[in-house]
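Peer 1: Using the sequences and the hints given, assemble the complete structure.
Quick note, the sequences are listed as chains A and B, same order.
Per our numbering, the first sequence starts with residue 1, numbered consecutively.
Per our numbering, the second sequence starts with residue 1, numbered consecutively.
Derived by calculation from the structure, the hints in this document are not laboratory data.
Values in this document were obtained by computation on a predicted structure and should not be read as measured data.
Where is the CB? At the ideal position from N, CA and C, for every residue including glycine.
One should not assume that every hint holds.
Claimed, not checked - Okay, the calculated bits of chain B under chain A, using three or more residues with CB under 8 angstroms as the criterion:
| # | segment |
| --- | --- |
| 1 | 9-23 |
| 2 | 27-34 |
| 3 | 93-102 |
| 4 | 134-141 |
Stated by the list, open to error - DEER-style ranges, computed between Cβ atoms:
| # | chain 1 | residue 1 | chain 2 | residue 2 | range |
| --- | --- | --- | --- | --- | --- |
| 5 | A | P338 | B | D44 | 22 to 32 angstroms |
| 6 | A | A369 | B | K154 | 20 to 30 angstroms |
| 7 | B | A125 | A | S288 | 21 to 31 angstroms |
| 8 | B | A113 | A | T306 | 44 to 54 angstroms |
| 9 | A | T258 | B | P116 | 53 to 63 angstroms |
| 10 | A | E367 | B | R42 | 47 to 57 angstroms |
| 11 | A | P338 | B | R42 | 41 to 51 angstroms |
| 12 | A | N286 | B | G7 | 40 to 50 angstroms |
| 13 | A | Q365 | B | V109 | 43 to 53 angstroms |
| 14 | B | K146 | A | A362 | 28 to 38 angstroms |
| 15 | A | S261 | B | A147 | 35 to 45 angstroms |
| 16 | A | T258 | B | P108 | 47 to 57 angstroms |
| 17 | B | A62 | A | G366 | 26 to 36 angstroms |
| 18 | A | E279 | B | P143 | 15 to 25 angstroms |
What the hints assert, rightly or not - Here are the simulated DSS-like pairs of lysine-lysine, each with C-alpha atoms no more than 30 angstroms apart in a straight line:
| # | chain 1 | residue 1 | chain 2 | residue 2 |
| --- | --- | --- | --- | --- |
| 19 | B | K87 | B | K6 |
| 20 | B | K87 | B | K160 |
| 21 | B | K146 | A | K358 |
| 22 | A | K328 | A | K358 |
| 23 | B | K32 | A | K358 |
| 24 | A | K328 | B | K154 |
| 25 | B | K160 | B | K146 |
| 26 | B | K32 | B | K87 |
| 27 | B | K32 | B | K154 |
| 28 | B | K32 | B | K153 |
| 29 | B | K87 | A | K328 |
| 30 | B | K32 | B | K146 |
| 31 | B | K80 | B | K32 |
| 32 | B | K157 | B | K87 |
| 33 | B | K32 | A | K328 |
| 34 | A | K328 | B | K80 |
| 35 | B | K32 | B | K160 |
| 36 | B | K87 | B | K153 |
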Amino acid sequence: MSLLAPDFAPDRTGPPPVRTRGPLLLRNDFPEAESGSGAISFSANAFTRIGNLAVRQADFNVATYNTAFEAFCGKSIARYFTGSGVVPQVSLDETMFPTMVCGLSTAAYMSGTPFGGGAVEPAGLSVVMYNTAFGPSCEGSTAPYIPGGGMVPQVSLDETIYAMTVCRPSMAAYVSGALFSGGVAQQAGPNVAMYDTAVGASCGGLIARYIPCGGTTQHAAVNVLTLDESASVDPGSQPLNLPPSLSRCLRALCERQTVLSAAQAVALKRQLQFLLEDEEELQSANISVSVRSLHGLIDFLSEHRTCALPSLSITRAGYFAASWSPRKRAKLTIVFRPDGVADWIASDLDATPPVHQKDILANRQGELAAWANA
Amino acid sequence: MGECVKGDEIPHTDHVALHCQTSDLEVGPDGKWSGLKIDAFRVDDNGISVNWVEQQPGSFEACFDRTCCLLARLRTVRPKHACGIFKVGDIIQTAAASGRVVGVIHDPVEGPAPNPAHSLITGCAPDDDELLSQFTLLVDLQPFTKAALEIAKKREKARK
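Peer 2: Here it is, written out as structure tokens:
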């Protein structure tokens with residue numbers, strides 16, 4: 001279940017994209033201007049200004065988008081690009097700003113001119129690429145790559161963007177109608193760029209947008225509800241916002257799903273969606289979901305990949321609980337406390353006498369297989 | 001059947017129903033409910049509130065449908081919620097096997113939101129994890145009936 005690094009189209013002309021772990025958080029609106037970002041602070045005005053600049057440079061076929069990271073990802077990010085036009089007038093400009101969390105450098109490319117912080121690779125006609133180097137807090141670097149090229153109107157503008165670890169989930173890119181992981185590409189003819197992202201709660205929910213590049217600017221929302229399934233493209237619709245608890249937990253899952261088997265990750269995602277979709281109900285039950293507990297569950301699953309997939313519930317305290325029922329009237333439940341301790345509660349009504357065990361997992365590791373492998 | 005008054009024991013062959021919200025349920029790897037968690041039982045000083053399914057005469061299906069509709073009128077019921085069915089005799093027997101004495105008694109509620117089928121499982125303590133976890137193994141989870149979901153939908157619409 002790869003969320004990242006879609007396979008680029010055969011016309012790749014630059015270095016392969018670097019796998020990183022985060023998406024951009026994309027927002028319809030720019031965030032408030034931000035102090036101390038060290039780069040450019042953003043506002044609606046900034047967007048307009050950049051947008052105007054793009055228009056001037058490219059004359060037509062301008063697509064813009066802007067993104068805003070929220071607290072978890074740091075701060076703001078904005079990019080814009082223009083694309084298409086008659087070669088060699090095509091320019092594709094972009095400015096990208098890393099977040100506070102990721103801190104470090106960014107590079108932008110504009111019409112073949114290197115920008116600070118990263119290399120620009122000349123790629124012939126109508127090729128745009130940029131790369132960024134994220135800082136340690138982002139666990140290394142990322143190099144989004146945007147191949148383009150070809151004869152107008154065949155120029156395509158493709159992009160894959162990986163943001164920071166902290167935001168991790170997915171992003172899909174579109175290359176001239178090709179499908180990419182993390183979302184489905186909209187068949188939109190040449191000069192279309194699309195991206196979608198799936199972000200966690202701290203990043204403000206799951207948001208996806210569609211960016212046409214070339215021709216009349218059109219905006220559509222691409223909502224990606226689940227990270228490994230096709231995105232739905234519904235022009236004119238609004239980006240989807242996930243309930244905060246679900247969003248937070250999906251993000252946590254995405255951050256660490258590589259430690260799980262594909263089946264575990266898919267099942268856990270389904271279970272999270274079932275359990276956390278109704279935020280109102282969680283609130284009325286006074287349940288505040290513990291992400292630390294979820295991490296405990298993920299740790300457990302990663303260490304027990306051969307166990308039968310458990311059922312999942314959330315306790316009143318907001319802790320995740322995995323359970324297995326090897327027989328109809330028998331059940332083991334393991335509750336993952338945020339302090340790292342896991343409680344063991346086992347009942348078997350058909351044993352003589354009926355079994356009821358209450359302990360901690362650490363004391364019962366040897367018995368786990370009998371319950372969870374059945 | 002149906003003639004009980006407040007405090008009467010419910011026949012062991014009858015059933016009681018528990019409205020199970022999403023947060024009361026365990027969900028399986030397939031994304032569907034698979035069981036009940038301990039917290040689903042809300043134990044107060046009187047006991048655990050449930051609804052007597054066969055409080056009025058009729059087939060089990062008719063009684064179940066009536067129970068679902070009643071719950072939908074009284075509570076916020078959603079399509080993902082479940083109606084947990086317990087056989088009264090199983091409750092009594094399971095408790096007895098663990099040396100507990102519990103009762104399942106009719107406790108009709110009057111007033112602005114009457115619930116003539118309301119009943120109580122008595123003899124449980126809120127922290128009696130052993131007994132409550134055993135009770136979770138007795139449940140038969142059923143989806144709410146279409147009629148109940150229609151009522152719930154209208155109720156939700158009116159609420160908004």
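Peer 1: Against the earlier hints, flag every one the structure doesn't satisfy and list their numbers going up.
Peer 2: 6, 10, 11, 12, 14, 17, 20, 21, 24, 32
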